[in-house]
Each structure stands twice: as C-alpha cells, then as structure tokens.
Amino acid sequence: MNRAVNQAADQVPLGPPAAAADGQWHRVHPLTPAIRSWQIFAVLLVYLAQDFGQTALRGDVGDSPAGQLSKLNGRWLAGGGLVALVVLVLGLTLAYLSWRMTRYRVTADALELQHGVLSRRQRQARLDRLQAVDIVQPLLARIFGLARLTLEVAGGGDSRIELSYLTERQAQRLRNHLLAAAAGVRYETEEAPEAPEHLVFEVPLQRLVGSLLLSSVTVWLLLVTAGLAVSVVVFDRFEFVAGVLPAALGAGSVIWRRFSTGFGFRVATSPDGLRLRHGLLEQRTQTVPPGRVQAVQLRQPLLWRAAGWWLVEVNVAGYGGRQNDEKHTDAGLLLPVGTRDEAVAVLSFVLPDLGVTDSEHPGPVVDAGLSGRLGEGGFAASPRRAHWIDPIGWSRNGFRVTSSALLLRSGVLHRRLDVVPHARTQSCGVTQGPLQRRLGLASFALHSTPGPIRPVVEHLDTAVAARLLEEQARRAQAARAAAGPERWMERPAPSPAPSAAGGLQQPAEPAEGSGIE
Amino acid sequence: MSNTTGATPGAEPFEPPGVTWNRVSPRLATVRRVVGAVPLLLVAVATTVAAVLLSWTWLLPVAAVFVLVAGWLSWLVGRQVSAIGYAERGADLLVRRGIMWRQIVVVPYGRLQYVDVQAGPVDRIFGIARVQLHTASAATDASIAGLSPQEAARLRDSLTSRGQAQLAGL
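Residue numbers (this note's numbering), protein chains in the order written: chain S, 1 to 517; chain E, 1 to 170.
Treat the hints as calculated values from the structure; they're not laboratory data. Treat the hints loosely; a few may be bogus.
Said to hold, decoys possible - Computed beta-carbon distance windows for the label pairs: (1) 193/S to 161/E: 41 to 47 Å; (2) 118/E to 246/S: 39 to 45 Å; (3) 122/S to 165/E: 54 to 60 Å; (4) 225/S to 58/E: 36 to 42 Å; (5) 367/S to 17/E: 43 to 49 Å; (6) 143/S to 36/E: 57 to 63 Å; (7) 45/E to 255/S: 55 to 61 Å; (8) 153/E to 388/S: 42 to 48 Å.
What the hints assert, rightly or not - Simulated coverage check for chain S against chain E, where a stretch passes if three residues somewhere in it have a Cβ under 8 Å from a Cβ of chain E: (9) 109–120; (10) 456–470.
What the hints assert, rightly or not - Below, a sample of chain E positions facing chain S; criterion: calculated Cβ distance under 8 Å: (11) 12; (12) 57; (13) 59; (14) 62; (15) 137; (16) 143.
A quick note: this is a predicted structure, and the numbers were derived from the prediction, not measured. Note that CB positions come from ideal geometry on N, CA and C, so glycine has one too.
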C-alpha cells in the first residue's frame with residue numbers, strides 16, 4: 001500500500017547535503033528508553049501497591065495467629081518483589097535493545113526509520129508526500145527537554161513516522177528541513193532556515209474555561225448531579241450515586257481532555273502553513289502546510305451562540321482514520337474556541353481563496369454559511385417541504401458552489417459550515433430514503449479523507465441534488481488539474497517562464513505515484 | 001460559478017442522462033440466498049422434524065415463520081441485486097444500488113487509489129467476484145459485487161489504466 005515506505009533508498013540527494021539532511025544514520029536520544037518505559041515503573045508501582053493492599057486486607061480478615069500472618073506477609077512481599085524485579089530487568093533490557101535498534105536517516109527528499117528488535121521494520125517517507133509535521137512533548141519528555149517528531153504522510157491506516165525522542169533543538173531543525181524539502185526550498189546553509197512565524201492569536205484561558213462550562217457535557221453533568229441530589233434527599237439512598245459515578249467520571253475525563261488540549265492554544269501563520277501550539281501537560285506543535293487541508297468545518301453549539309464562539313476543525317490526510325488512538329483524536333482541531341472573526345480568519349488561512357466572484361465579497365457568503373437561512377448569500381437550500389422530515393433544521397440545509405470550493409451548511413441549533421475545496425473532493429454520492437423519495441428529496445454527501453468532518457447536505461430537491469452530483473465530479477476533476485504543485489514554495493511565477501531551478505523540479509504530480517499509495 | 005438552483009425539474013439523481021447501466025450477475029442473488037435464506041430453511045426443517053418427533057405442535061408455527069422470513073429474504077435479495085448497477089463514463093465511475101434506500105456514488109478515475117478484487121469460497125463456486133474501489137476517503141462506498149471473474153478482471157484493469165491516465169493527487 002505504502003510504496004513510499006517500501007521504496008529502497010536509491011534516490012540521490014538533490015541539494016547540497018545539509019546538516020539536518022546528512023544522509024547518515026542517527027540514533028534517537030539515549031534517554032528515550034527511560035521516558036518510554038516510565039509506564040513499566042508505573043505498572044510496577046501499582047502492582048506493588050495492590051499487592052501490599054491485598055496482603056493488608058488478608059491480615060484484616062484472616063483470624064490466624066499474628067506470627068503466622070507476618071510470615072505470610074513476608075513471603076508474599078518477597079514473591080511480589082522478585083516478580084517486580086524480573087519485570088523491571090526485562091523491561092529495561094527490552095527498552096535498551098529497542099533503543100539500540102532504532103535509527104533514522106534524513107536525506108534531501110526522504111525520511112527513513114528502522115526499528116524493531118525481533119522483526120526489523122524499515123519505513124521510508126517521501127517528503128513531497130508530507131501532509132503535516134508535529135512536535136509533541138509529553139510532560140516527562142518536556143522535563144528532560146526532549147520531543148517527539150511525527151511526520152504524517154497519507155497512507156491508508158498507520159502511515160506516520162514517529163521519531164521519539166530527540167532533543168528539542170534537533171526536532172526543530174529536523175522539522176525545518178522536512179518542511180523546506182517538502183516545500184521545494186533549496187538552501188545553501190548548514191541548516192534549513194526556520195520559516196518566520198507570525199502569531200495571529202491565542203485562546204484566552206477564561207474563554208476556554210467558559211466554552212467548557214457551556215458545553216453539553218457540563219450541562220449533562222449538572223443535570224445528573226441535580227437529579228442525584230434530589231433523589232438522595234427524597235429517597236435517602238446513596239446507591240444511585242455509585243451507579244452514575246462511572247459515567248460522571250467519563251464525562252469529567254472528556255472535559256479534562258478538552259481543557260488540556262485547548263490550553264494555551266496559539267495559532268500562527270508561516271510560509272510553511274498554519275502553526276498550532278497547544279497543550280497543558282503534553283505540548284504539541286503542529287504544522288499544516290498549505291493545500292494539505294482536505295475539509296474545514298466551523299461549528300457552533302447552541303450554548304455558545306450567546307457568546308458568539310465558534311470551533312474550527314479540519315480533515316488532514318494522515319491525521320484521521322485512527323479515532324481509537326487517544327493521542328491523535330484532537331489532531332484536526334484548528335481552534336478549540338474563538339470569536340466569529342477568529343474562526344473566519346482561520347478559515348481564510350487554510351483556504352485563502354474561497355473562489356467568490358469579484359463582484360461579491362467573501363464576507364457575506366461566509367456569514368450566510370455561518371448563520372444564514374434559506375437562500376441567503378447565494379446558497380441553494382432545502383425546499384420547504386423538507387420540514388416534514390427535518391422540522392427544525394430544514395431551513396439551514398443548503399450549499400453554495402464557488403469557483404474553488406463547495407460550502408455545505410446545516411444545523412439550526414448546532415450550526416455547522418463545511419468547506420471542501422473542489423480540488424480535494426475524493427468522490428461524491430447521493431442517497432435517498434423512502435420518505436425522502438415521496439417528498440422528492442435527496443441527500444448529497446462529499447467524501448473527504450478520514451477525519452472529524454463528513455460533509456453532507458441533507459434533503460435537497462432531487463433535481464438540485466442530481467445536478468450537484470453531476471457537476472461536482474467534473475469540478476473536482478478540473479480543479480485538481482489546475483491546482484498548485486505539491487511543493488508549495490515552487491509555485492510558478494505568474495509569467496509562464498520556465499522555472500529557474502531547471503532540472504530539479506518534477507511536475508506537480510509525478511506520473512508514477514499518486515498522493516497516497 | 002453559478003449555483004445549481006436552476007436544475008431542470010424532474011431530473012433524477014439516480015438516472016443521469018445518457019448512462020447505460022451495467023447489471024450484475026443474477027448469480028449474486030443465488031449466493032446471497034445461499035448465505036442468507038438457506039440456513040433459515042435448514043432451521044425450519046430442523047424445527048419441523050423436532051415438532052413431529054416430539055409432537056410439539058406449537059413448534060410448527062415457528063417453523064412456518066422461519067420459512068416465511070426465508071421466502072421474504074430471497075425475494076428481497078432478488079430485488080436488491082437487480083437494483084445494483086454500474087457505469088463507466090469518460091471521467092468517472094458510477095455505482096448505484098438500493099430500492100427503498102437508494103444510493104449513487106460518483107468516483108472520478110483520477111481519485112482512485114487502488115482496486116480490490118475479492119471472491120469468497122461461495123462466490124467462487126458460483127463464479128462471481130466483487131470489485132471494490134478505494135479513494136483516499138474511507139467514505140467512498142463504491143463496491144460492485146456479483147461480477148463474473150472475467151468482467152471483474154476487465155473492470156479492474158480498465159479502472160487502473162484510467163486511474164493512471166487521469167491521475168490526481170490527494
């Protein structure tokens with residue numbers, strides 16, 4: 001599947017060998033095994049504590065004589081200690097071996113990683129296929145000044161390359177090189193130049209906390225707590241509390257995760273794309289290059305409407321598709337909570353050209369997408385008869401086609417606006433259930449790469465849906481043909497002069513490979 | 001670009017103009033009946049036998065229900081299979097299915113990432129295969145079951161070569 005990964009390292013480096021891209025094999029930081037295996041220590045601790053607790057409990061319950069008891073205790077402890085020691089030694093040996101066997105290499109246009117003790121694995125990623133680069137610092141790594149570098153290339157399932165751990169400095173240098181190489185920038189210096197960053201805004205802590213307080217999870221939690229309090233007072237029984245506790249804990253952990261992810265959220269722009277920094281315990285710096293965003297969603301839960309807050313998420317190939325992986329569930333988050341202006345600004349960073357005609361400003365169109373109804377802003381909306389199926393939301397179901405993107409609008413209570421560039425449309429489809437059929441309605445769906453966004457517009461008139469389906473496939477084709485090169489800094493000058501770098505460049509899409517393999 | 005409000009009334013998304021649909025083999029219905037309805041019939045037979053042997057007459061209506069469900073399933077499967085259609089157009093592949101819940105998918109060849117051809121043991125006995133298209137989106141639900149192995153191979157090669165010719169990245 002992942003040909004880029006399987007390819008042998010037979011490519012000759014194009015540019016002058018730079019420090020970051022020396023083509024030599026490197027090891028990751030020697031502290032890596034310690035940081036990686038802290039879980040082993042944690043497990044050991046838990047085990048010991050449990051063991052201790054169990055023996056203590058036995059002591060409480062058992063009615064054997066005291067001497068025998070202490071002997072038993074001692075034997076238990078000795079056994080537990082021995083097991084713990086063996087586990088510790090084994091774990092450390094494995095971690096050390098795993099470190100010894102892990103090495104990586106950077107060339108001008110690929111990143112290679114070899115790892116695995118028993119079964120060796122080698123993975124090579126072509127940098128022009130790079131989708132995003134993240135630097136992640138879990139708490140422990142941060143204490144030691146280390147960081148993990150994650151390179152996303154879009155392959156089916158798990159296609160990313162993770163280098164853990166590097167020093168912060170190494171990670172940054174490497175990221176700069178990867179981005180420069182992916183962008184098609186050639187540099188003569190020792191190190192890849194760091195793209196200048198321009199901080200656009202950060203999410204204030206108060207707003208983050210406010211947004212979490214105004215979330216449905218919080219409301220649910222409050223309702224349950226109130227209900228519990230009432231039931232305790234009325235029935236004088238505490239059993240309900242135990243019954244609801246797991247769910248409440250789950251809700252609490254959701255809130256905590258959102259808080260720790262959104263903490264200190266900063267959005268910056270750079271020629272390399274959007275830079276996001278966030279995280280309380282685990283700090284994450286994400287770089288999403290231009291043109292890698294497959295779909296954008298701006299949405300506003302009902303409770304945020306008074307405050308005028310919006311949330312922005314994106315689909316980036318490589319980020320999605322592993323919803324089970326807790327580490328990456330929030331990877332597509334572009335703005336946890338922001339004002340309407342900020343949300344629109346973020347939208348314009350990732351999709352600079354909304355393709356609205358010259359006579360029109362994009363403002364009203366986006367506004368109509370965010371809060372408009374029916375035909376406002378040139379949207380094509382659901383016909384009135386759709387209210388039989390969708391009594392509340394029907395008036396906001398709609399779409400708008402511009403020359404570069406499709407805007408899909410939905411939700412009266414929970415407002416949503418999805419924007420999908422034509423060049424990123426994978427395929428599209430129309431579905432129709434029996435009720436819709438009777439009413440002459442059909443739903444249109446765009447298929448985007450895996451991620452939080454599934455762009456759909458429900459209950460369109462069948463004729464409108466038919467035409468949209470017909471035209472969207474054609475538009476996607478045309479837009480893709482006209483899209484810029486994969487290496488975003490190699491954008492040709494407005495004049496059709498031959499590019500200066502001569503033979504270095506390949507066509508935007510080399511014929512032998514497609515975006516994902 | 002204009003929006004699409006001015007579509008001609010009566011246009012059907014599931015019947016694009018100028019498309020001739022390829023049907024899949026009716027053997028697919030047989031396979032699905034074998035997999036779906038035959039076990040039910042076997043259960044019905046077993047129930048009847050038990051009813052007769054143990055003279056539990058109340059089991060007979062249960063057996064009748066099994067037979068009815070099996071009959072309904074095999075009727076449904078026949079309708080479903082006859083509703084499956086696909087068409088290769090110049091730039092994209094159309095796949096449609098469903099009678100109650102209808103669905104049509106348009107996959108531009110340039111978006112094709114890879115093509116799967118699968119045939120399970122029962123499929124092979126009846127000589128059919130399934131072709132599945134994969135784009136970068138997991139939501140692309142474009143699979144065509146019930147093709148003859150030759151047609152499956154032809155479609156696979158045709159799709160792959162068109163995909164090469166009209167290749168577009170992500």
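Structure-based check of all given hints:
A beta carbon spacing of about 43 Å between residue 193/S and residue 161/E agrees with the range 41 to 47 Å that was offered as a hint. Distance hint check: the CB atoms of residue 118/E and residue 246/S are about 41 Å apart, consistent with the given range 39 to 45 Å. Separation of residue 122/S from residue 165/E is about 32 Å and departs from the stated range, judged on CB atoms against 54 to 60 Å. The beta-carbon spacing between residue 225/S and residue 58/E, approximately 51 Å, falls outside the hinted interval of 36 to 42 Å.
In this structure the hint that residue 367/S and residue 17/E lie 43 to 49 Å apart at CB is violated, the actual value being about 36 Å. Look at residue 143/S against residue 36/E: about 59 Å separates their beta carbons, and that is inside 57 to 63 Å. At roughly 57 Å, the beta carbons of residue 45/E and residue 255/S sit within the given window of 55 to 61 Å. Checked against the given bound of 42 to 48 Å, the beta carbons of residue 153/E and residue 388/S, roughly 47 Å apart, stay inside it.
Counting residues of the segment 109–120 of chain S whose CB falls under 8 Å from any CB of chain E gives 0; the rule of at least 3 is not met. With 10 residues bearing a CB less than 8 Å from a CB of chain E, the segment 456–470 of chain S meets the requirement of three and the coverage assertion stands. At about 6 Å, the closest approach between the beta carbon of residue 12/E and any beta carbon in chain S falls short of 8 Å, and the interface hint on this residue holds. Hint on residue 57/E is violated. Least Cβ distance to chain S is approximately 39 Å, over the 8 Å limit.
A cut of 8 Å between beta carbons decides the hint on residue 59/E: the least distance to chain S is about 35 Å, and the hint is violated. Because the closest C-beta pair between residue 62/E and chain S is about 30 Å apart, greater than 8 Å, the hint is violated. Satisfaction of the interface hint for residue 137/E is found here, the shortest Cβ-Cβ separation to chain S being roughly 4 Å, below the 8 Å cut-off. Taken as an interface hint, residue 143/E does not check out: its beta carbon lies about 12 Å from the nearest beta carbon of chain S, beyond 8 Å.
Violated hints for the displayed structure, listed by number in ascending order: 3, 4, 5, 9, 12, 13, 14 and 16.
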